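Participant: These protein sequence lines map, in sequence, to chains A and B.
All residue numbers for the first sequence refer to my numbering, where the first residue is 5 and numbers rise by one.
All residue numbers for the second sequence refer to my numbering, where the first residue is 3 and numbers rise by one.
Please keep in mind that the hints were generated in silico from the structure rather than gathered at the bench.
Keep in mind that the hints are not guaranteed to be accurate.
Stretch-level coverage of chain B by chain A, calculated; a stretch enters the list once three of its residues show a Cβ under 8 Å from a Cβ in chain A [as the list claims (entries may be wrong)]:
hint : region
1    : 113–126
2    : 405–417
As a list, the in silico PhoX-like pairs of lysine-lysine whose alpha-carbon atoms are at most 25 Å apart [what the hints assert, rightly or not]:
hint : chain 1 : residue 1 : chain 2 : residue 2
3    : B       : LYS542    : B       : LYS478
4    : B       : LYS432    : A       : LYS81
5    : B       : LYS14     : B       : LYS145
6    : B       : LYS403    : B       : LYS361
7    : B       : LYS562    : B       : LYS527
8    : B       : LYS145    : A       : LYS81
9    : B       : LYS145    : B       : LYS234
10   : A       : LYS140    : A       : LYS99
11   : A       : LYS81     : B       : LYS527
12   : B       : LYS201    : B       : LYS299
13   : B       : LYS207    : B       : LYS155
14   : B       : LYS542    : B       : LYS520
15   : A       : LYS106    : A       : LYS71
16   : B       : LYS145    : B       : LYS228
17   : B       : LYS155    : B       : LYS228
18   : A       : LYS10     : A       : LYS140
19   : B       : LYS232    : B       : LYS351
20   : A       : LYS108    : A       : LYS140
21   : B       : LYS41     : A       : LYS71
22   : B       : LYS527    : B       : LYS361
23   : A       : LYS71     : B       : LYS155
24   : A       : LYS81     : B       : LYS155
25   : B       : LYS290    : A       : LYS35
26   : B       : LYS207    : B       : LYS361
27   : A       : LYS71     : B       : LYS562
28   : A       : LYS71     : B       : LYS186
29   : B       : LYS207    : B       : LYS403
30   : B       : LYS562    : B       : LYS483
31   : A       : LYS70     : B       : LYS538
32   : A       : LYS70     : B       : LYS542
33   : B       : LYS290    : B       : LYS10
34   : B       : LYS361    : B       : LYS351
35   : A       : LYS70     : B       : LYS189
36   : B       : LYS360    : B       : LYS478
37   : A       : LYS35     : B       : LYS483
38   : B       : LYS351    : B       : LYS228
39   : B       : LYS5      : B       : LYS69
40   : B       : LYS432    : B       : LYS69
What you are looking at is a predicted structure, and each value in this text was computed from that prediction instead of being measured.
Here a beta-carbon is modelled for each residue, glycine too, at the ideal position from N, C-alpha and C.
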Amino acid sequence: MNRILKKRWISLYVENQIGVLSKISGLFSGKCYNLESLTVGRTEDPTVSRMTIETKSDEETFEQIKKQLNRMVEVIKVVDFTDLSVCMHEILYVKVRKCGLKEKTELFQIAETFNAEVVDYGKDSMLLEFVQTATKNDAVIKLMQEEFHSIEVVRGGSVGIEAISMAER
Amino acid sequence: MRKITGNKLLVKALKEEGVDTLFGYPGACTIDISDELYKQGDIRIILPRHEQALVHEADAYARSTGKVGVCLVTSGPGATNLVTGLATANYDSVPLVCFTGQVARHLIGNDAFQEVDIVGITRSITKYGVTVHNREELGRIIKEAFYIARSGKPGPVLVDLPKDVMAELGSPEYPQEVNIRGYKPNKTVHIGQLKRAVKLLAHAKKPLFLAGGGVIIAGANEVFTKLVEKTKVPVITTVMGRGAIPTDHPYYVANLGMHGAYAANMAVEECDVLFSIGTRFNDRITGKLHAFAPNAKIVHIDIDTASISRNIHVDIPIVADAKEAIEKMLEYAEANETEEWMQQIEGWKKEHPLQMKKKDGTMQPQDIIECINHCFDEAIIVTDVGQHQMFTAQYAQITEKKRLLMSGGLGTMGYGFPGGIGAKLGNPDKPVIVISGDGGMQMNIQEFATAVLEELPIIVCVLNNTYLGMVRQWQKLFYGKRYSMTNLLAGAALRRGDEKLPEYTPDFVKLAESYGAKGIRVTQKEDIEAAFSRAKKETKVPTLIEFIIDPEELVYPMIKPGGTLQEMLMDC
Numbered sequence: 005m006n007r008i009l010k011k012r013w014i015s016l017y018v019e020n021q022i023g024v025l026s027k028i029s030g031l032f033s034g035k036c037y038n039l040e041s042l043t044v045g046r047t048e049d050p051t052v053s054r055m056t057i058e059t060k061s062d063e064e065t066f067e068q069i070k071k072q073l074n075r076m077v078e079v080i081k082v083v084d085f086t087d088l089s090v091c092m093h094e095i096l097y098v099k100v101r102k103c104g105l106k107e108k109t110e111l112f113q114i115a116e117t118f119n120a121e122v123v124d125y126g127k128d129s130m131l132l133e134f135v136q137t138a139t140k141n142d143a144v145i146k147l148m149q150e151e152f153h154s155i156e157v158v159r160g161g162s163v164g165i166e167a168i169s170m171a172e173r
Numbered sequence: 003m004r005k006i007t008g009n010k011l012l013v014k015a016l017k018e019e020g021v022d023t024l025f026g027y028p029g030a031c032t033i034d035i036s037d038e039l040y041k042q043g044d045i046r047i048i049l050p051r052h053e054q055a056l057v058h059e060a061d062a063y064a065r066s067t068g069k070v071g072v073c074l075v076t077s078g079p080g081a082t083n084l085v086t087g088l089a090t091a092n093y094d095s096v097p098l099v100c101f102t103g104q105v106a107r108h109l110i111g112n113d114a115f116q117e118v119d120i121v122g123i124t125r126s127i128t129k130y131g132v133t134v135h136n137r138e139e140l141g142r143i144i145k146e147a148f149y150i151a152r153s154g155k156p157g158p159v160l161v162d163l164p165k166d167v168m169a170e171l172g173s174p175e176y177p178q179e180v181n182i183r184g185y186k187p188n189k190t191v192h193i194g195q196l197k198r199a200v201k202l203l204a205h206a207k208k209p210l211f212l213a214g215g216g217v218i219i220a221g222a223n224e225v226f227t228k229l230v231e232k233t234k235v236p237v238i239t240t241v242m243g244r245g246a247i248p249t250d251h252p253y254y255v256a257n258l259g260m261h262g263a264y265a266a267n268m269a270v271e272e273c274d275v276l277f278s279i280g281t282r283f284n285d286r287i288t289g290k291l292h293a294f295a296p297n298a299k300i301v302h303i304d305i306d307t308a309s310i311s312r313n314i315h316v317d318i319p320i321v322a323d324a325k326e327a328i329e330k331m332l333e334y335a336e337a338n339e340t341e342e343w344m345q346q347i348e349g350w351k352k353e354h355p356l357q358m359k360k361k362d363g364t365m366q367p368q369d370i371i372e373c374i375n376h377c378f379d380e381a382i383i384v385t386d387v388g389q390h391q392m393f394t395a396q397y398a399q400i401t402e403k404k405r406l407l408m409s410g411g412l413g414t415m416g417y418g419f420p421g422g423i424g425a426k427l428g429n430p431d432k433p434v435i436v437i438s439g440d441g442g443m444q445m446n447i448q449e450f451a452t453a454v455l456e457e458l459p460i461i462v463c464v465l466n467n468t469y470l471g472m473v474r475q476w477q478k479l480f481y482g483k484r485y486s487m488t489n490l491l492a493g494a495a496l497r498r499g500d501e502k503l504p505e506y507t508p509d510f511v512k513l514a515e516s517y518g519a520k521g522i523r524v525t526q527k528e529d530i531e532a533a534f535s536r537a538k539k540e541t542k543v544p545t546l547i548e549f550i551i552d553p554e555e556l557v558y559p560m561i562k563p564g565g566t567l568q569e570m571l572m573d574c
């Protein structure tokens, strides 16, 4: 069995009911499974929600996570995204404060390089929106922490779907 | 169509589900349901004296009858008192449907009187839990609750009923069909896997069956015994699996695990194929994991995929109901050459027989259990948790007409006595014997009122050694005899250092009598049988038999928690 810790993903179809999110997240906390991120939203069928779960675990634990999810009455389907070709992105907002002209110019350059959008602009602050892979978002946060004095960050967790021909994560 | 209230629909649903007995304790949020039950009058209502005992009673009723146990309690404290019992049932896969009252919907979240989020509280200890938010969902939810509780790996289901939903008028229809898209219990066996497993078994030199509680839950005892006779493969059991094959059967070895017999544990160590059915390889049976069954290929049949390859690596996993799988195996299995292997096991049995060291004349737990063995041809034995439970698991003969019930997984003290009540309510014609300790007995002793008023002639054995004996055993063996928190005579007198400690309290015999039950105290071996004969004659009242036991009696053999077989402690 593979004991190596690595990032793994699950796409989960669940009943869109009260308490389901709590049940799923409770499984992770109750059994001490690592939960890197979890996103959830309603699907084209309003009775079904879909979650994208990212966990850092070894293979054995991951197998157990999938089994435990599968046995829940509210879980409709568990899809292992770890080795599938998927399209998976995360939204990230970075607000930069205390910007002078120099910083603002730099921010426009960053936006252009990373394909980010400048979604808001003030006297001495700017707000950038990135939609890209979580790994790239990690890099952006690191970069901007080094470059600017005062930043504020919020990110949404990865959302993924099986790719057709263009995989990216 | 005439509309009816939710309360009416609930009672109708219970009848359609074949519920004949309901364990209930009333309150403000369920008073309308109580009223409806009163008016319709067809369901026998048992009123225990505490909700914790209530849920244990429903649990043992379910275990001993195979029906779903049904509980009805009020919101808030009524509901929270179920928690231990739900966890107990969940751990041992017992089908329960528990209805809890809830405050009206507009009050939920307001910290209303007797409001708790019971579905949230019990989420990790139930198979499924749901609050009914709309009257029109009520019928479907109840139907699903019963289906989920009894199908697949059985378990407790909690249905939370807001008072206003239950008062609302709605459809009188109770659905006949269930369709839950996320819940499709496995009803088939993978024949390819099964054939591989059978082949592995056939080629083994030292094959061994390990039967767990799953065999008993599936009602597979009879077919399993046939399979054992056909294959000639010896059997060991977990504590919960005891009775999967009659314990006097020539192919039965013993229980394995922490207090398992030497022969059973040696057999695990030596076997080359361990064929396990319906067990989750709990730490109490495996001990140190890397040293468990070191020479064996392991086959594991279980209804729950999540139980397979969780604790130990399994070579051939088979997800199936035990009975289905065993019946299929009977078609393919062949006789194995096991004579030599059986002889080796017999040798271990002789080397270290399962037997308490005889001390002259003193009454030992083994004597009591053995007396039960020969005094009763038929019985349901229900234990509490502790030393007496392990003594029972070691020495009780469980044959076709006998059953053993206990809280095996969670190890819930206080289960035994209410468990006996539930078992007797479900099996009025069978003798029911509770075996408890003086500690566990006091955790639900109020149930004497229930037992007496329901006229249940159960026999309640209390093995009184004035200590919380199992913890004391650990303290004696591993904690330098520092008997912290285990002495049931402790209190102000012991703290003061008085030379003479007070008399044991309560006086169990007088206590039983004060409830209108019979009480007998037995202090010597010679009186054991007479006490049981007297108790057997009672037809309407329970009898408590208090056995005065030496606190120095320990459960042997014992493998230290997390230890290996080489570290097995024997009684010498």
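Participant: Each hint: holds or not?
Facilitator: We went through each hint and held it up to the structure:
no.	hint	verdict
1	113–126	holds (count 4)
2	405–417	violated (count 0)
3	LYS542/B x LYS478/B	violated, 42 Å
4	LYS432/B x LYS81/A	violated, 45 Å
5	LYS14/B x LYS145/B	holds, 11 Å
6	LYS403/B x LYS361/B	violated, 32 Å
7	LYS562/B x LYS527/B	violated, 31 Å
8	LYS145/B x LYS81/A	holds, 23 Å
9	LYS145/B x LYS234/B	violated, 43 Å
10	LYS140/A x LYS99/A	holds, 17 Å
11	LYS81/A x LYS527/B	violated, 61 Å
12	LYS201/B x LYS299/B	holds, 12 Å
13	LYS207/B x LYS155/B	violated, 33 Å
14	LYS542/B x LYS520/B	holds, 10 Å
15	LYS106/A x LYS71/A	violated, 53 Å
16	LYS145/B x LYS228/B	violated, 36 Å
17	LYS155/B x LYS228/B	holds, 24 Å
18	LYS10/A x LYS140/A	holds, 17 Å
19	LYS232/B x LYS351/B	holds, 23 Å
20	LYS108/A x LYS140/A	holds, 21 Å
21	LYS41/B x LYS71/A	violated, 46 Å
22	LYS527/B x LYS361/B	holds, 11 Å
23	LYS71/A x LYS155/B	holds, 14 Å
24	LYS81/A x LYS155/B	holds, 19 Å
25	LYS290/B x LYS35/A	holds, 21 Å
26	LYS207/B x LYS361/B	violated, 40 Å
27	LYS71/A x LYS562/B	violated, 31 Å
28	LYS71/A x LYS186/B	holds, 14 Å
29	LYS207/B x LYS403/B	violated, 33 Å
30	LYS562/B x LYS483/B	holds, 16 Å
31	LYS70/A x LYS538/B	violated, 52 Å
32	LYS70/A x LYS542/B	violated, 52 Å
33	LYS290/B x LYS10/B	violated, 54 Å
34	LYS361/B x LYS351/B	holds, 21 Å
35	LYS70/A x LYS189/B	holds, 20 Å
36	LYS360/B x LYS478/B	holds, 20 Å
37	LYS35/A x LYS483/B	violated, 35 Å
38	LYS351/B x LYS228/B	holds, 24 Å
39	LYS5/B x LYS69/B	violated, 30 Å
40	LYS432/B x LYS69/B	holds, 17 Å
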